[in-house]
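Engineer: Single-letter residue listing:
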Amino acid sequence: DQQVKQNSPSLSVQEGRISILNCDYTNSMFDYFLWYKKYPAEGPTFLISISSIKDKNEDGRFTVFLNKSAKHLSLHIVPSQPGDSAVYFCAAIRHDKLIFGTGTRLQVFP
Amino acid sequence: KAGVTQTPRYLIKTRGQQVTLSCSPISGHRSVSWYQQTPGQGLQFLFEYFSETQRNKGNFPGRFSGRQFSNSRSEMNVSTLELGDSALYLCASKPTSGYSNQPQHFGDGTRLSIL
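Those protein sequence lines, which keep their order, are chains A and B.
According to this note's numbering, the first sequence is numbered sequentially starting from 11.
According to this note's numbering, the second sequence is numbered sequentially starting from -10.
The hints are simulated quantities; they were obtained by calculation from the structure and are not laboratory data.
Glycine included, every Cβ here is placed at the ideal spot set by N, Cα and C.
Treat each hint with caution, since some may be false.
[Said to hold, decoys possible] No more than 25 angstroms apart at the CA atoms, straight line, and that leaves these computed lysine to aspartate or glutamate pairs for DMTMM-like: (1) A/K81 <-> A/D34; (2) A/K107 <-> B/E64; (3) B/K2 <-> A/E52; (4) A/K48 <-> B/D97; (5) A/K107 <-> B/D97; (6) A/K66 <-> A/E25; (7) A/K107 <-> B/E41; (8) B/K2 <-> A/E25; (9) A/K48 <-> B/D74; (10) A/K47 <-> B/E41; (11) A/K48 <-> B/E64; (12) B/K46 <-> A/E25; (13) A/K48 <-> B/E41; (14) A/K78 <-> A/D41; (15) A/K15 <-> B/D74; (16) A/K15 <-> B/D97; (17) B/K46 <-> A/D106; (18) A/K47 <-> B/D97.
[What the hints assert, rightly or not] Reference excerpt, derived from the structure (chain B facing chain A, CB under 8 angstroms, subset only): (19) Q43; (20) S54; (21) G87; (22) H94.
Generate the whole structure from the sequences, applying the supplied hints.
Structural biologist: The following block contains the structure:
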């Protein structure tokens, strides 16, 4: 039972444009949502999080939006840079347990 | 500040053997969690340790076990290895347990291959 879903396995975006990564979840009891970025041969790196009581959180080029009624969150990266090319995982927390989506591979091309 | 350190980085075992993986958390972090990453299942939570006690457990068989020492270092053990145990095993630490808004910091993982 996949409680956190990333339906797009890959995304390709031109440098300077906006990247939008999407994530859907099924459990309305999640406390927090997070985004992690992962490069090959490295562990995931925390990017940004949002509490379930908020609908937006911004940190530099990264903004996460939460739509609780749709059980949907998204990560916006503006402007996209080649160094952003990585696999992005959304994750949800309940009872201190992290549940990850399957990831979206973002490719930012010049 | 040193990050989360996992050893070894790569390991090859055969079916039926057992394996122990090690994780040293960030200094001052007392909560350590383990995850398994496979191409088909993504990142899945194994268990969390805090103050030498298992606080949380995922849906893995009893062949997967762990422990934590008084210095917060943690080990994960898998017995009677199966081909399906081939995966990247990731360890993550954070300062305490029970505060969901604290992000976990991951190590680079141990790549376990079962022949």
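Engineer: It remains to establish, for every hint, whether it holds in the given structure.
Structural biologist: Status of the hints after comparison with the structure:
For the hint pairing A/K81 with A/D34, the CA-to-CA distance comes to about 6 angstroms; that is within 25 angstroms, so the pair holds. Annotation: proposed proximity of A/K107 to B/E64 holds, straight-line Cα distance about 19 angstroms (limit 25 angstroms). Restraint check for B/K2 and A/E52: satisfied, since their Cα atoms lie roughly 22 angstroms apart, inside the 25 angstroms limit. Simply put, A/K48 and B/D97 have alpha-carbon atoms about 10 angstroms apart, close enough for the 25 angstroms limit, and the pair holds.
Between the alpha carbons of A/K107 and B/D97 the distance comes to roughly 20 angstroms, so the proposed pair stays at or under 25 angstroms and holds. A C-alpha spacing of about 24 angstroms is found between A/K66 and A/E25, which places the hinted pair at or below 25 angstroms, so the restraint holds. Only pairs whose Cα atoms come within 25 angstroms are accepted, and A/K107 paired with B/E41 is accepted, the gap being roughly 17 angstroms. This hinted pair does not check out: B/K2 and A/E25 have alpha carbons roughly 43 angstroms apart, beyond 25 angstroms.
Distance restraint check for A/K48 and B/D74: the Cα-Cα separation of roughly 21 angstroms lies within the 25 angstroms cut-off, and the hinted pair is therefore satisfied. A C-alpha spacing of about 29 angstroms is found between A/K47 and B/E41, which places the hinted pair above 25 angstroms, so the restraint is violated. A C-alpha spacing of about 23 angstroms is found between A/K48 and B/E64, which places the hinted pair at or below 25 angstroms, so the restraint holds. Our distance criterion of 25 angstroms between C-alpha atoms is broken by B/K46 and A/E25, whose separation comes to about 41 angstroms.
For the hint linking A/K48 to B/E41, the alpha-carbon distance of about 29 angstroms lies beyond 25 angstroms, and the restraint is violated. Distance hint between A/K78 and A/D41 is fulfilled; the C-alpha atoms sit about 12 angstroms from each other, no more than 25 angstroms. Of the supplied pair hints, the one linking A/K15 and B/D74 holds, its CA atoms being roughly 23 angstroms apart against a limit of 25 angstroms. Between A/K15 and B/D97 the alpha-carbon distance is near 24 angstroms, which keeps this suggested pair within the 25 angstroms criterion.
For the hint linking B/K46 to A/D106, the alpha-carbon distance of about 11 angstroms falls within 25 angstroms, and the restraint holds. Of the supplied pair hints, the one linking A/K47 and B/D97 holds, its CA atoms being roughly 12 angstroms apart against a limit of 25 angstroms. Look at B/Q43: its Cβ only gets to about 12 angstroms from chain A, farther than 8 angstroms, so that hint breaks. Of the supplied interface hints, the one on B/S54 is violated, with its beta-carbon coming no nearer than about 18 angstroms to a beta-carbon of chain A, more than 8 angstroms.
A distance limit of 8 angstroms between C-beta atoms decides the matter here; for B/G87 the minimum to chain A is near 6 angstroms, and the interface restraint holds. Because the smallest distance between the Cβ of B/H94 and any Cβ of chain A comes to about 7 angstroms, under 8 angstroms, the interface hint for this residue holds.
Hints 8, 10, 12, 13, 19, 20, counting from the list given before, are not met by this structure.
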